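Number of protein chains: 2
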Amino acid sequence: MSDLSRAPLTKPSHHHGNLRPALIEAGVAILIEDGLDKLTLRRCAARAGVSHAAPAHHFDGVDGLRAAIAEEGFRIFRNYMLDARGNVGPDPHERIKAICRGYIYFATDFPALFELMFNIKVIYDMVTSPVVPDSALGYDVLRDTCTPFVAPDADPILVETQVWSLIHGYGTLLLAGRFGGSNPDAPLGPIFDPVMALLDQLTVHQPGQTGA
Amino acid sequence: MSDLSRAPLTKPSHHHGNLRPALIEAGVAILIEDGLDKLTLRRCAARAGVSHAAPAHHFDGVDGLRAAIAEEGFRIFRNYMLDARGNVGPDPHERIKAICRGYIYFATDFPALFELMFNIKVIYDMVTSPVVPDSALGYDVLRDTCTPFVAPDADPILVETQVWSLIHGYGTLLLAGRFGGSNPDAPLGPIFDPVMALLDQLTVHQPGQTGA
DNA sequence: CCATTGAATTTGACAGTGTAAATTTTCCAC
DNA sequence: GTGGAAAATTTACACTGTCAAATTCAATGG
Chain A
1 MSDLSRAPLT KPSHHHGNLR PALIEAGVAI LIEDGLDKLT LRRCAARAGV
51 SHAAPAHHFD GVDGLRAAIA EEGFRIFRNY MLDARGNVGP DPHERIKAIC
101 RGYIYFATDF PALFELMFNI KVIYDMVTSP VVPDSALGYD VLRDTCTPFV
151 APDADPILVE TQVWSLIHGY GTLLLAGRFG GSNPDAPLGP IFDPVMALLD
201 QLTVHQPGQT GA
Chain B
1 MSDLSRAPLT KPSHHHGNLR PALIEAGVAI LIEDGLDKLT LRRCAARAGV
51 SHAAPAHHFD GVDGLRAAIA EEGFRIFRNY MLDARGNVGP DPHERIKAIC
101 RGYIYFATDF PALFELMFNI KVIYDMVTSP VVPDSALGYD VLRDTCTPFV
151 APDADPILVE TQVWSLIHGY GTLLLAGRFG GSNPDAPLGP IFDPVMALLD
201 QLTVHQPGQT GA
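Residue numbers (the UniProt record's numbering), protein chains in the order written: chain A, 1 to 212; chain B, 1 to 212.
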């Protein structure tokens, strides 16, 4: 135990120590402090204390860096949903509304990160990538929470898509300022509960049924 | 009727004729042909046949140009919803589903334009602007179509938000490739109808009721 | 008819961006 | 130690948005 002060967990590598996670962390910090349009390869490099061309050895261009930052964002996002769901009882409707609350809490806590993650190009690459599992997108949490409403031999994607569509659209409207400026007393927005009441109509979905 | 070949409708102004609409049209064409990341002040200027600094006299920077292009996009978007609604009968549920179809048809016909319009920054500026009316966002069509489900003294925003959230979230999932590659036989995606069946639960919303 | 005026446009410049190649630094295996 | 490979830097280039100065051109007043 001598001078491993700069070697956190994985192997200390060569120069910087752990440049890749450092760049991702720098990117998240820039998103939080300065917003999406300030997220730049050169800025992340400067914040991590390396030259502007260093990131090229760890990411496939700026798109690769953005994808890695989004991946980290989805990790936080998933934990938000899990935390919210952990605070409610076993009622299936309550559990669905809980992950929706977690969803919106994340969106309002990290709006720029949220915007990056659900950028069409970024999420398209993750969704269609064969190496990114559903769990990396938090989609496994949604799936688990929706199972009580899916009949044994039915396709779960229907109920999942209903819930996911409603909550994502609502989050977009909220961040777009449709319900007025943000209010610390109501971080979910003024009509979260009544809007989500649409999900009270969910019942066990029988295969061949129309859906609600 | 001599040489007014370059003067379409309004006054020919000085140099170019009608540079502002020409730049907007160039931007829309670039979005359709090349995608959102190729939408550039200099590129629009080049396509309109003017120098790279000419747009500055007609728009407030690149953000102003993007806002103007988005405004034009919302005009097309609104017509898509009106056209779709014009093809169905008076049943309120059918009319709501019709504008949802128009919504998705627009998203799949103009994905890059759709992405620009619903960029958080762009739509936030339009939503919160005191000079941009709801009709400029197509929101009036949504409101009109939802009125059968709003009690006389109830706030219409609840039902509107339920419908808008569901369809916008679904459109995002569709463009994100969640349902596989695009299929010309099912441009709305493979589960549009069952997902939208959630809206069959809409009834006249009484004030004080929880929402669905 | 011509000079003047002023808006529209162009030109030139600058800082910032992503990316690529060549170069230097650093560490690990031998 | 020494060689080689990985990591990081330096340098360069094309492209972007923005600004200030110069230029062009249409309309107007004389």
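Note that these hints are calculated values from the structure, not bench results. Since the model is a prediction, treat every value here as computed from it, not as a measurement. A portion of the hints provided could be inaccurate.
[Unchecked claim] Here are the simulated lysine-lysine pairs, DSSO-like style, with alpha carbons at most 30 Å apart: (1) A:38 x A:121; (2) B:38 x A:38; (3) A:121 x B:121; (4) B:38 x A:121.
Against the structure, the hints:
Our distance criterion of 30 Å between C-alpha atoms is met by residue 38 of chain A and residue 121 of chain A, whose separation comes to about 18 Å. Proposed proximity of residue 38 of chain B and residue 38 of chain A is supported: the alpha carbons are some 19 Å apart, at most 30 Å. Simply put, residue 121 of chain A and residue 121 of chain B have alpha-carbon atoms about 17 Å apart, close enough for the 30 Å limit, and the pair holds. The straight-line distance between the Cα atoms of residue 38 of chain B and residue 121 of chain A is roughly 13 Å, inside the 30 Å bound, and the hint therefore holds.
Figure legend: structure checked against the earlier numbered hints; every hint is met.
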